[in-house]
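Undergrad: Sequence:
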Amino acid sequence: AAQAMPGPLFAFAAYAGAVIAPGAGGLPGAALALAAIFLPGFLLLAGALAFGDLIGTRPAMQAAMRGANAAVVGVLGAALHDPLWTGAIAGAGDFALALGGFLLLTVWRAPPWLVVMLLAAGGMAAALV
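Heads up, the sequence shown is in my numbering, so the first residue is 1 and it goes up one at a time.
Because the hints were derived from the structure by calculation, they are not lab data. Bear in mind the structure is a predicted one, so any value in this text is a computation, not a measurement. Nothing false has been slipped in among the hints.
Label pairs and their computed distance ranges (CB to CB):
#	residue 1	residue 2	range
1	F51	L76	21 to 31 Å
2	G23	A46	29 to 39 Å
3	A78	F10	15 to 25 Å
4	F10	L80	18 to 28 Å
From the three backbone atoms N, C-alpha and C, an ideal C-beta is built for every residue, glycine too.
Model the full structure from these sequences, guided by the hints.
TA: Right, here's the structure in full:
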């Protein structure tokens with residue numbers, strides 16, 4: 001689902017950088033803000049690449065990765081429940097749209113952009129009824 005609308009945080013960072021440092025049309029500030037928001041992830045990746053062989057060969061490291069994976073699934077589940085489920089699923093129609101989108105993505109492997117378009121159209125149609 002995150003691939004359906006990628007990068008709102010990165011887009012907002014670029015916007016904020018352009019607004020905070022408006023010189024030269026905001027481009028330098030936007031570029032600096034984008035670099036600053038991408039840099040931690042790149043540094044973590046570069047640091048983790050050095051230990052790639054350890055992860056694949058040591059049982060303790062494999063167990064740690066499985067634990068981290070489970071923690072990420074839990075955090076994503078919590079993020080799904082609180083803002084989405086409590087704020088967006090108000091009735092059976094909303095649930096049907098969400099379930100349809102889930103099935104389109106997981107069972108039929110529809111492209112995320114298509115699912116976004118279909119659910120947006122479905123939501124607008126439901127609002128008119």
